[in-house]
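Chains A and B, in that order, are what the protein sequence lines are.
The working numbering numbers the first residue of the first sequence as 16 and each following residue consecutively.
The working numbering numbers the first residue of the second sequence as 34 and each following residue consecutively.
In case anyone wonders, no lab produced these hints; they're calculated from the structure.
From the three backbone atoms N, C-alpha and C, an ideal C-beta is built for every residue, glycine too.
Incorrect hints may have been included.
Unchecked claim - PhoX-like mimics (lysine-lysine), calculated; alpha carbons at most 20 Å apart, straight line:
1) B:Lys356 - A:Lys87
2) B:Lys481 - B:Lys124
3) A:Lys84 - B:Lys124
Said to hold, decoys possible - A few chain B residues that don't get close to chain A, going by computed Cβ distances all over 10 Å:
4) Gly48
5) Asn126
6) Arg134
7) Ala144
8) Ser240
9) Leu282
10) Ala334
11) Asp364
12) Ile367
13) Asp399
14) Phe418
15) Glu479
16) Ile483
17) Pro487
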Amino acid sequence: MKRKVARKKRPAGAKPAKPARAKPVRKRAPPSVRPRASHTIRPERDFVDGLMAASAEALGVTIEPGWRKGVKFNLRLVLDHAARVEAFCLADDAEPAPVFHA
Amino acid sequence: MWSTAADIAAAVTSGSVSATRVIEAALLRIRENAPLLNSFTAITEERALAAAQEIDLAVTAGKPRGPLAGVPFAVKNLFDIKDVPTLAGSKINREAPPAARDAALIERLEAAGAILVGALNMGEYAYDFTGENVHDGAAHNPHDVERMTGGSSSGSAAAVAGGDVPLSLGSDTNGSIRVPSSLCGLFGLKPTYGRLSRARSFPFVASLDHVGPFARSTRDLALAYDAMQGRDPDDPACADRASEPALALLERGTDGLRIAVAGGYFRCRSAEPLAAIDCIAAALGVNRDIEIPEAERARSAAFIITASEGASLHLDRLRARAKDFDPAVRDRLIAGAMLPASLVVKAQKFRRWYRDAFLKLFDEVDAILAPATPCTAPLIGQDTFMFDEVELPVRANLGLYTQPISFIGLPVVAVPVPLEPLPIGVQIIAAPWREDVALRVAHALEAKGIVAAPRPAL
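Extracted from the complex, chain A is given alone in its bound form (with noise of 0.2 Å):
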């Protein structure tokens, strides 16, 4: 059995403890090191179910039983590829490139 470790209650209206020291000011780091998003993509088993279920219902798309299994497969493939991408910080001014001129 897991113990529960009791948290130490603040009192009602009480200022949160100050840090020790001021955070020195940072400079906006560049897309590339920013930190990463703090939630990204789970493709875990039961989410993939359901989006399934639900996606097929919204697109009007029957999923036979047979094909389930591969479908379901190439969903959790795209929704890995898709988590390493969400994973990535981008700035908000970033521009999209659907039509791309090389």
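Chain A is fixed; fit chain B onto it per the hints.
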């Protein structure tokens, strides 16, 4: 049909051989190879013989015939051929009416004197790296007919590597020219995105679709490439850019070019790609590695955009006729339709970031060498392969070295290193619009005998 396109054109132009004789020989070879290679899905015999007769009449009359006079060529069956349904490797498109007009690139090659002899097998709707097709059967690798050609331009590679024709056209969204070039031991050119017109070809992923030639020599690639360049308002992505002929620049060699080997993500431990890269780097005296930033993430972003745009293109067909798809393609497309839009937009934003980061490398180098495929040709039907001691699915991973490059539309020449028992390709990557640089490097390697399209024992 082992002569190069350049030699055929020279012989036809000089009158030492007739175009009709060349085409008859090609048609005979195509029929002989058909049971072995399964590379063609349509043969345009009547049209080809009529075109050959016209060329012969022009030769007799002393009229101009063009730099590809009498050269037989064939096209992946996603290019429109007048009076032929454009299959795009599918069952569904067999019901489409015959095309009303030829694809832009067919028109341009024919204007240069080349002669179309047919349409070529391909992976369904170009969503394929293997060359397998449940409707038409797999195309077979001429170097070992038990093995894959690679895809999706499977027939385009098999027909040239097997000696049916000296020249073919394919498309490349994520590697569909470079992967089959590598597995079949050919030269393939994926030009800069927007360089060659895609007009009247069946699309796959508008953001990433390219078209280009396969050949057994660099000179033939350049001949075809020069004949096909130029603006085309019928393709919205075709650049408003004048032709920049490359053929005349081939002999300039590599003097003055700064060349590096792609490191990091591209530096695998698998024997064949490593041997191929090392062989080429040594021949060119290249001793510098360069890191391509975020290449693995770029591949993932290409994967996402492909899945989503491909699914969007086919969604109506998936609703109405899912059972008529190749099951492997159907499952991938349905999965792609389920990808949340915000993730696709992120991939497109990342694409611009990656492009800016990658282009900075060309301040330091003119060309980058990278493997074309992670392995030589797998067996037809093989599901997985070993890569850096990890077992990976074949279908999804044959393009792991090509996807991060086409993702931002850079020009690449795939060159064949004739390893035994099977060849493998190397990508020569250049800056946007510098196909001439990649072709010069390829030509220099060919002149040194380091790269060559091996003749199979068919």
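### Query
Non-interface claim for glutamate 479 of chain B: all C-beta distances to chain A beyond 10 Å?
holds (26 Å)
### Message
If we take the beta carbon of alanine 144 of chain B, is the closest beta carbon in chain A still more than 10 Å away?
### Response
Answer for alanine 144 of chain B: holds, closest chain A Cβ roughly 26 Å.
### Query
Are all C-beta atoms of chain A more than 10 Å from that of arginine 134 of chain B?
holds (25 Å)
#### Entry: Outside-interface status for isoleucine 483 of chain B - nearest CB in chain A farther than 10 Å
holds (28 Å)
### Task
Confirm or reject the statement that isoleucine 367 of chain B sits farther than 10 Å, beta carbon to beta carbon, from all of chain A.
violated (5 Å)
### Query
Holds or violated: is the Cβ of serine 240 of chain B farther than 10 Å from all Cβ atoms of chain A?
It is violated; serine 240 of chain B is separated from chain A by about 6 Å at its closest Cβ, not greater than 10 Å.
### Message
So alanine 334 of chain B supposedly isn't at the interface. Is its beta-carbon more than 10 Å from every beta-carbon in chain A?
### Response
violated (5 Å)
### Given as non-interface: glycine 48 of chain B, partner chain A, CB spacing beyond 10 Å
holds (42 Å)
### Query
Against chain A, does proline 487 of chain B keep a CB gap of more than 10 Å to every residue?
holds (32 Å)
#### Entry: Consistency of the no-contact label for phenylalanine 418 of chain B, given chain A and a CB cut of 10 Å
The assertion about phenylalanine 418 of chain B holds, with a minimum of 16 Å to chain A.
### Task
Test the statement that aspartate 364 of chain B is away from the interface with chain A: the closest C-beta pair must be farther apart than 10 Å.
violated (3 Å)
### Task
For the pair supplied as a hint, lysine 356 of chain B and lysine 87 of chain A, confirm whether the alpha-carbon distance does not exceed 20 Å.
Answer holds: lysine 356 of chain B to lysine 87 of chain A is near 17 Å, not above 20 Å.
This entry does not satisfy hints 2, 3, 8, 10, 11, 12, going by the numbered hints stated previously.
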